[in-house]
Amino acid sequence: MSESISRRSFLKGGVAAAGSAAALAVPSAAAAGSDGRGQLATLLDIRKCIGCGACVEACRQVNSSKAPEPQKPFPEMYPSRVPVEDWSDKRDVRDRLTPYNLLFIQQAEVEVDGKKETLTIPRRCMHCVNPPCVNLCPWGAARQYKNGISRIDYDVCLGGSKCRKVCPWHIPQRQTGVGLYLDIMPSFAGNGVMYKCDRCYERVAVGKKPACIEACPADVQQIGPRADIIARAHELAEETGGYIYGETENGGTNTIYVSPVPFEELNAAIEKGPGRPHFASAANSMDKAENLTAAMIIAPFAAIAAAGAKFYGYMKSGQSDNSQGEA
Amino acid sequence: MKTNTHVIARKGRIGNYAYGLTLFLLALTGFAQMPIFKRYYIADIPGLGWLAEFYTTHFLHYLGATAILAITTYFAAQYLLVTRRYRKLSGSGAARAAILLGIIVSGILLVIRNSAFVPFSPAVVTGILLVHLGLTMVFLLFALYCRFAGRPWTIPV
Ligand code: SF4
Ligand code: SF4
Ligand code: SF4
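Heads up: the sequence lines are chains A and B, in that order.
First residue of the first sequence? That's 1 in my numbering, and the numbers climb one at a time after it.
First residue of the second sequence? That's 1 in my numbering, and the numbers climb one at a time after it.
Possibly wrong hints are sitting among the right ones.
Result set (DSSO-like, lysine-lysine): computed pairs, CA atoms no more than 30 Å apart in a straight line [as the list claims (entries may be wrong)]: (1) K38(B) with K72(A); (2) K288(A) with K38(B); (3) K90(A) with K38(B); (4) K272(A) with K38(B).
Distance windows between CB atoms, simulated [said to hold, decoys possible]: (5) I184(A) with A43(B): 54 to 60 Å; (6) C52(A) with S115(B): 39 to 45 Å; (7) I184(A) with A27(B): 38 to 44 Å; (8) A94(B) with S187(A): 47 to 53 Å; (9) A305(A) with F24(B): 23 to 29 Å.
Read the hints as simulated data drawn from the structure, not as lab findings.
In this text the structure is predicted, and so the values were computed from the model without any measurement.
Glycine included, C-beta positions come from ideal geometry on N, C-alpha and C.
Construct the complete structure from the given sequences, taking the supplied hints into account.
Dropping the structure here:
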């Protein structure tokens, strides 16, 4: 399926590119589908990034009004193993994802065309086409918009961090001592709020570009309909002999990286760990459940058929029993 | 007639066990959707570590849901085709059926949401989740009460 889509969108993207080379305005998304139709994606050309960090500063600025302001001391949490995650005294940290730093620049020392080079790569939420962080949130605090943006509602999140655990890149970051859990049973359930890139959903809703895209002096990122972005990524990869990441990972994401070196190399060269996502392969995490959905649809019909077949016999023999008994 | 009900009752016992086991699996994996088993050491009990693996419990919950859809439909069909000729739903049986239906319908809505074909607003999702969880608690308590108070699902007509 993804192949046919990419072929179709390749053609479409080619026509669009021929028609206009103008900067892309952010279109509003049409009907969304599970295959990413109607969703907006971003393309990140890793070669272009000069690592200036302007995007990181822009991101911090637009998100400063949403940044957590925790109350201290934190309510005691039981049992004592529940970890306090407090970034409020480490707001300046910029070399990983934190609740105050939703975008960071990852570095990779690699060899490009026989020359040693340091690549700089902006990292944030991938905005999966079918995001497990949204689907599996037990509280409905995370949502996905038709335009492919997934967002955690900071007013609703209880900070249980399930989204981080189920995210193939463990993107969302927790701040203890803020949010709704304080009003429920702060000692026994919840642990703050999870933060991640919301791809500037308010700006995109009014046709503006995300702040990090706008601030970049090197035009590293583009945003547009997913099909077009994928077509462009393939064109770019073909032109430059590059490699693509994000098109199929976790069943497809809306963040497509194009790199001059294979992602295995990049993944080996970057520092990974908490708040520092990998570039490894990621299988579709919702796959198994999706396969069962078909079985769920069939189950009641199969049961009716089974019951019908079985009780038809009973009813018939019951009638003949009766008639015999009455006779 | 008597022989038939006898056979159905005996066969029904297997169905009842399947129903009970499936409900247990669903309740366990359902509660495991909340990040509580790790926090409260339950997943530390040897052999229960999988209760903290969200993808595992989610898959098992779907598996249980598939089974409960089949089992409840089968029971309903059995009731409509055969049982209701000589037994009828008791008051508590009707109440349990209604609550179960609510749990199933809200569960189906959540499966639809997960398949990403239809975007639901977050308030609606939270509402459905609360209904699903709330009705489950009510059902479990009520089912326990019925069990110990000896309230059968059906009574003779
Ligand atoms: S990358 Fe992680 S946090 Fe972002 S949408 Fe995908 S699952 Fe959610
Ligand atoms: S899209 Fe917005 S929130 Fe996301 S990284 Fe860029 S500036 Fe930050
Ligand atoms: S602003 Fe552009 S060039 Fe600078 S670090 Fe960010 S993506 Fe790279």
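Checked hints:
no.	hint	result
1	K38(B) with K72(A)	26 Å, holds
2	K288(A) with K38(B)	23 Å, holds
3	K90(A) with K38(B)	27 Å, holds
4	K272(A) with K38(B)	25 Å, holds
5	I184(A) with A43(B): 54 to 60 Å	22 Å, violated
6	C52(A) with S115(B): 39 to 45 Å	41 Å, holds
7	I184(A) with A27(B): 38 to 44 Å	22 Å, violated
8	A94(B) with S187(A): 47 to 53 Å	40 Å, violated
9	A305(A) with F24(B): 23 to 29 Å	27 Å, holds
Of the numbered hints stated above, those contradicted by the structure are hints 5, 7 and 8, listed in ascending order.
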